[in-house]
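J.: Sequence:
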Amino acid sequence: MRCAYMVAFELHAAEMIQALWTTLVRTFDARTDDLEYFQVHVGGEDPAEKYHGEMTSRLISELVPADCSSRFLDEFDHAYGLSLEWCRNLVGIDSRDGDGRPEVEHSGRCHCGAVKFYVRAPAEISAVKCNCSICQMSGFLHMLVADDKLRIDCGEELLTTYQFNKNIARHTFCRVCGVKPFYRPRSNPSGFSVNVRCLDKTTIESIRIDDFDGENWDLAIRSLQAD
Numbered sequence: 328m329r330c331a332y333m334v335a336f337e338l339h340a341a342e343m344i345q346a347l348w349t350t351l352v353r354t355f356d357a358r359t360d361d362l363e364y365f366q367v368h369v370g371g372e373d374p375a376e377k378y379h380g381e382m383t384s385r386l387i388s389e390l391v392p393a394d395c396s397s398r399f400l401d402e403f404d405h406a407y408g409l410s411l412e413w414c415r416n417l418v419g420i421d422s423r424d425g426d427g428r429p430e431v432e433h434s435g436r437c438h439c440g441a442v443k444f445y446v447r448a449p450a451e452i453s454a455v456k457c458n459c460s461i462c463q464m465s466g467f468l469h470m471l472v473a474d475d476k477l478r479i480d481c482g483e484e485l486l487t488t489y490q491f492n493k494n495i496a497r498h499t500f501c502r503v504c505g506v507k508p509f510y511r512p513r514s515n516p517s518g519f520s521v522n523v524r525c526l527d528k529t530t531i532e533s534i535r536i537d538d539f540d541g542e543n544w545d546l547a548i549r550s551l552q553a554d
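Using my numbering, the letters of the sequence shown correspond one by one to residues 328 to 554.
The hints are simulated quantities; they were obtained by calculation from the structure and are not laboratory data. As the structure is a computational prediction, the values presented were derived from the model and not from experiment. Just so you know, even glycine gets a beta-carbon here, dropped at the ideal spot from N, CA and C. Any given hint could turn out to be false.
Stated by the list, open to error - Derived pair list, reagent style PhoX-like, types lysine-lysine, alpha-carbon separation capped at 20 Å:
1. 493 to 443
2. 493 to 528
3. 443 to 528
Stated by the list, open to error - Ranges of calculated distance between the beta carbons of each label pair, as one might list FRET restraints:
4. 478 to 405: 50 to 56 Å
5. 428 to 401: 38 to 44 Å
6. 381 to 434: 19 to 25 Å
7. 492 to 440: 41 to 47 Å
8. 430 to 394: 51 to 57 Å
9. 548 to 480: 28 to 34 Å
10. 405 to 473: 38 to 44 Å
11. 349 to 490: 34 to 40 Å
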């Protein structure tokens, strides 16, 4: 049994290291280059790796009797499964937003599906309902996120931009169906406002909706900033 666990650990060590590395990079918003020490001393090309396969084969042949091979494989499967579950749990650790709330990856799309995207945000969404002219007509339900939280999966070339009034906000619509799944808002021009109504409901636990007086935008935004 000890031999089976040791072999499973050797074969799964690379996945365990990669799982730890991936989680560190994502959780602390670090570049892989920032983890040079980790790469040199734990990951990367280890000269000893080429001997591990030979060592493992010799270990099995010398310590596991032929009539115990079936039991060995059963123990190995169990041990390997534990390592695999450890990696899955590690990579599955939720990142958190600035308020410490766990984040998940939501998927979204326009009406025709030509534009698809992913956005990282809490499962418990805080949304804003605005009464400005364009939001009232389009029924847009806002969720503000930072620039690096949104990733366009496909259809970026089908987005067209519309601007009006002060020409700060960049409203982006799908040219095929006319739906606005996200855009660069005046209140957050370096980030995005995502239309909550365009998100897949399976990853949303709850939605809290606050009103915003977009008809009196300057006064309303000053009030928010004061708060």
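J.: None of the hints should be skipped; say for each whether it holds.
T.: Here is how each hint holds up against the structure:
1. 493 to 443: violated, 29 Å
2. 493 to 528: Not OK: residue 493 and residue 528 at ~34 Å, beyond 20 Å, violated.
3. 443 to 528: holds, 15 Å
4. 478 to 405: 50 to 56 Å: 37 Å Cβ-Cβ, so the 50 to 56 Å window is violated.
5. 428 to 401: 38 to 44 Å: The hinted range 38 to 44 Å holds for residue 428 and residue 401, with Cβ atoms some 42 Å apart.
6. 381 to 434: 19 to 25 Å: Violated - the Cβ-Cβ distance for residue 381 and residue 434, about 45 Å, lies outside 19 to 25 Å.
7. 492 to 440: 41 to 47 Å: Since the Cβ atoms of residue 492 and residue 440 sit about 31 Å apart, the hinted range of 41 to 47 Å is violated.
8. 430 to 394: 51 to 57 Å: holds, 52 Å
9. 548 to 480: 28 to 34 Å: holds, 31 Å
10. 405 to 473: 38 to 44 Å: holds, 43 Å
11. 349 to 490: 34 to 40 Å: Given a distance of about 39 Å, which is inside 34 to 40 Å, the answer is holds.
Hints 1, 2, 4, 6, 7, counting from the list given before, are not met by this structure.
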